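As a plain string of letters, each chain reads:
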Amino acid sequence: MTDTRVDTMVRPQGAVVLDGVHKTYDRGAVPVHALRGVSLSLPAGELVVVLGPSGSGKTTLLNVIGGIDSPTDGSIRVDGEDIGRYDEHRLTEYRRRTVGFVFQFFNLVPTLTALENVALIAELTGGAGNARRMLEQVGLEDRLDHFPAALSGGEQQRVAVARALSKRPRLLLCDEPTGALDLETGRSVLGLLRQLNREEGLTTILVTHNSAIAAMADRVVRMRSGELVSSEPVESPIDADEVSW
Amino acid sequence: MNLWLRKALRDVGRRRGQFAAVVVTTFLGVALFGASFDAYRNLLVSYDTLFQRTHFADLTVSGGDLTSYVKGARQLQGVEAVTTRTVIESYARVGDHRFIVRLVGLPPERQPAVDQVIVLRGSYLDPQRSTGVLLEQHLADYYHLGPGDTLDVRTPFGWTSLPVLGVAASPEYLWPARSRQDVLTLPQDFGVLFAPQAPLQLMAAGGGREALATIAPGADRAAVLTGLEALARDAGATSITTRADQPSNAALHEDIAGFGEMALMFPILFLGAAAFTAFVIISRLVHSQRSLIGSLRANGVRRRAILLHHLALGLVPAAVGGLLGALAGEGLAIVISRLYTGALAIPITVIHPHPLVAATGLAMALFTVALAALAPALDAARVAPAEAMRGVQPPRRGHASALERLFPVFGRLPASAKLILRGAVRNPGRSVTTMAGVVLALVLVMVSLGMLDTTRLLLEQQFGRVQREDAQVYLSGTANANLEQRVGAVDGVAAVESALQTKAVVRAGSSSYATALTAFHPDTSMHGFLDAHGKSRGLPTHGVLLGHALEHKLGLAVGDPVEIDLPALHDTLETTVAGFVDEPLGTFVYASLPLALDGRGAGSAATTAAPNMLFVRYASGVERSALRHRLEGVAGVVAVIDARSLKVAADQLMGLFYVFVGAMLVFGAALAFALIFSTMTVTISERTAELASLRAAGVRQAQIARIVSGENLVLVLLGLVPGLVIAYLTAATFMGSFSNDMFRFDLHVAPLTWVVAVAAVVAAALASQLPALRNVARMDLASAVRERGQ
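Protein chains in written order, with numbering that gives the first Met the number 0: chain A, 0 to 244; chain B, 0 to 789.
Among the hints, erroneous ones may be present.
Pairwise CB distance ranges (calculated) [as the list claims (entries may be wrong)]:
no., chain 1, residue 1, chain 2, residue 2, range
1, B, Ala-374, A, Trp-244, 22 to 30 angstroms
2, A, Asp-238, B, Arg-15, 35 to 43 angstroms
3, B, Asp-779, A, Glu-92, 15 to 23 angstroms
4, B, Gln-700, A, Trp-244, 34 to 42 angstroms
5, A, Glu-92, B, Pro-721, 39 to 47 angstroms
6, A, Gln-12, B, Gly-16, 40 to 48 angstroms
7, A, Ser-151, B, Val-408, 25 to 33 angstroms
Since the hints were made in silico from the structure, they are not lab data.
Nothing here was measured: the structure is a model prediction, and the numbers come from that model.
No residue lacks a Cβ here, since even glycine has one placed at the ideal position from N, Cα and C.
Put together the whole structure using the sequences plus the hints.
Okay, structure coming up:
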């Protein structure tokens with residue numbers, strides 16, 4: 000079943016509504032249609048898993064919601080704010096106050112400690128978050144002064160999560176957050192994301208090719224060839240530590 | 000096309016800007032090396048050709064028993080020819096302008112066996128025209144004189160018009176220096192003409208005799224020269240001058256020695272920059288392609304092939320830059336050689352292409368860059384196939400900066416400041432390269448600006464503190480109180496002093512040095528005497544002051560006894576060294592008039608020695624040319640030389656100097672730009688994911704730019720301290736290499752120069768990061784955030 004209703008109600012705390020969103024890349028002679036008329040409504044506060052094979056457009060979907068790419072056509076409203084027509088400057092401001100990113104390969108600054116990586120974002124974006132508290136929240140109170148090279152993959156990803164949260168965003172966007180991690184570590188990171196989603200009411204969108212993760216989501220969105228296949232709520236999401244792949 | 004070659008070309012193409020930096024720096028290094036070295040060789044060969052053609056004397060001797068010297072010299076094995084001639088000085092007049100003229104005797108029937116001239120216009124001397132003369136070309140050109148004109152010369156019969164038969168160039172006056180002490184003479188103050196020997200000999204009344212000798216080709220030059228010098232000393236010669244020490248030759252060689260020094264300096268600077276750049280680029284390339292290299296190794300590609308491929312990545316741009324530079328260098332050398340000989344009116348210009356020089360430049364470029372590329376190429380060849388295929392990047396350890404470790408207070412800096420401090424040194428090799436760019440650029444800038452400052456100070460010291468007279472007045476007789484009074488009464492004259500100036504030979508043991516003695520009033524205001532520290536001192540009543548160079552040349556110290564021969568007075572002054580003076584131009588002897596006139600050797604016969612010239616200071620604001628004419632109208636005054644004319648001429652020539660300095664500033668900035676551009680570009684490409692993540696988090700582009708610029712600036716500032724020290728030492732060594740008894744080029748760097756040098760390099764560094772910052776601004780965030788961080 001496909002949810003194609005366009006939800007026009009403005010919802011606080013990270014409600015996302017896409018209406019007829021297209022994204023086309025010009026790659027030489029043949030254009031690449033990464034998104035083909037995607038219309039989607041994501042209620043605030045949900046943990047959404049976006050599934051799809053490679054080239055389905057799931058990452059592009061995340062990118063346009065996160066403001067690091069712009070749609071070719073259509074509208075994207077986040078809490079009623081239409082970001083689809085923003086120029087680069089306004090997109091920067093949007094990301095600054097609204098969005099936190101977590102990437103597959105962590106993308107931490109290798110020359111700063113865990114605490115400094117989180118503090119850097121708070122400092123540069125005027126975020127109100129306390130870096131130490133953020134890291135305590137993700138269970139790294141004993142690793143504050145460690146550099147990324149001295150942290151495990153899971154710990155680095157936790158630092159990335161804390162960094163994303165340091166700005167108190169309304170959206171937490173995660174691109175393959177467990178892609179570089181083993182099963183146990185991946186579960187613990189997923190558990191952290193679920194915990195933060197529930198405690199903070201933070202809309203969390205998680206892109207993955209790993210269908211096993213979908214079972215813990217509040218909603219699963221499926222993409223194929225740039226088109227929305229389905230957007231369905233999950234009746235009984237499982238705990239992260241029950242996820243297995 | 001070979002696939003390795005295709006890959007190499009594509010790798011280079013994707014990093015066009017960085018490899019272009021290697022091409023440009025290599026090009027500049029090879030081109031400037033070729034241009035300097037070839038110009039140097041062309042000029043040396045031009046001189047040698049001229050000297051051979053004119054049979055330039057290997058040794059010139061005057062004073063003592065010349066007849067006995069000539070007899071012995073002609074019998075010495077290895078001597079090709081020995082001739083004698085008369086050389087005297089008098090005064091000449093063109094219109095109402097008077098100047099000192101040197102008359103050199105030549106046989107009118109044919110050119111002499113030694114020291115011939117090249118007739119440029121008109122004809123050689125004519126035995127039928129006993130008063131016809133040849134003008135040395137600089138004199139002729141300045142006064143626009145030629146065959147058919149006349150020149151008034153003061154003879155024992157008064158002013159005599161001599162017909163000009165021709166204009167000639169002489170190997171002795173390519174640089175028309177009056178003496179080794181008076182190298183910077185102007186044509187309006189001093190000229191040379193060649194006159195028939197016989198009447199000149201009469202005019203000299205037996206004085207002014209010289210013997211000239213040449214050494215046969217193929218003879219042992221050093222041995223023959225030693226033999227001739229020994230003969231001269233035995234004959235009691237007062238002046239023995241080798242070809243190397245001949246004033247014109249010495250000055251020219253000092254001048255072109257600069258080309259030789261630049262031929263060494265330029266390749267070191269620019270090829271060094273090319274090497275650093277190549278090292279950075281290829282290291283980064285290897286790092287980013289580890290997986291690919293591992294795949295190739297896993298599929299059986301040999302280490303050797305990988306090594307050679309990565310070496311080629313350095314050698315190809317070096318070869319391109321080197322080839323272009325070699326061609327450009329050859330062309331530039333021709334231009335420089337022609338310009339130089341044209342500017343100095345040297346009649347023979349020999350230009351030979353020197354393929355070996357071009358090949359050497361190219362080889363230096365290839366060798367230097369190959370050496371730099373070797374380390375990363377070996378690193379590539381050693382990549383373990385399995386590890387690289389898993390895409391595992393070597394962990395980059397983080398740590399606090401040295402500043403934070405040394406001073407814990409820096410640990411309290413905000414995270415963005417720590418990012419800057421630590422980011423600047425996260426890759427030691429690249430940090431060193433950036434700093435090297437700063438150092439090399441500073442060397443280039445400081446050497447050229449230092450030359451400018453030193454020359455300016457030299458002129459200011461010489462004409463501000465040392466030479467305090469406005470004019471030197473030459474007399475038909477001696478200076479006496481009456482003449483002094485009459486000169487002092489001329490409108491515009493503020494002060495006048497009599498003085499004695501005569502040729503002198505300073506002897507200490509078996510060593511001697513030919514110079515000039517000037518004796519002033521004990522409390523003279525016409526000359527400043529500066530010690531080695533630049534402090535003024537007075538003229539001693541006992542003993543003489545010697546030029547600083549004589550301390551080492553003759554091994555003298557204060558208090559040592561010294562003999563000073565005064566050949567024109569046929570006398571010797573036996574005295575002591577009262578001190579040494581440090582003067583920018585020349586090495587002279589100074590004494591008080593009472594000492595010079597009365598304090599001569601115990602065996603002195605009474606002589607008629609007396610002050611023979613006047614030093615004059617003008618009132619301020621006076622019109623100098625008009626005053627000069629008024630002074631020349633005083634009975635007893637033969638010629639007035641404006642002591643400031645050289646400063647005026649030098650100030651006018653400074654314009655050319657500024658062009659040279661400007662060119663060096665541009666080269667220095669280009670050097671810094673090329674190196675820092677490469678390191679910045681590589682650094683940014685390595686941190687794409689990290690910087691994109693910050694942008695994705697909402698960090699503004701301006702904030703990223705400040706962080707990146709801050710890291711760059713930290714390295715530039717770190718490079719400034721050693722850079723300024725190294726640059727200063729290099730400049731001091733460079734300038735010191737030109738210091739001798741003729742000039743004293745102690746490096747002086749004006750305070751503003753330090754600022755300009757730093758500003759130029761910092762500006763170049765900031766400009767060099769603009770392309771990298773533009774890349775950051777244009778980054779495709781969506782794809783950049785998905786890259787593996789490094």
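Verification of the hints:
| no. | hint | in the structure |
| --- | --- | --- |
| 1 | Ala-374/B <-> Trp-244/A: 22 to 30 angstroms | violated, 43 angstroms |
| 2 | Asp-238/A <-> Arg-15/B: 35 to 43 angstroms | violated, 54 angstroms |
| 3 | Asp-779/B <-> Glu-92/A: 15 to 23 angstroms | holds, 20 angstroms |
| 4 | Gln-700/B <-> Trp-244/A: 34 to 42 angstroms | holds, 39 angstroms |
| 5 | Glu-92/A <-> Pro-721/B: 39 to 47 angstroms | holds, 43 angstroms |
| 6 | Gln-12/A <-> Gly-16/B: 40 to 48 angstroms | holds, 46 angstroms |
| 7 | Ser-151/A <-> Val-408/B: 25 to 33 angstroms | holds, 32 angstroms |
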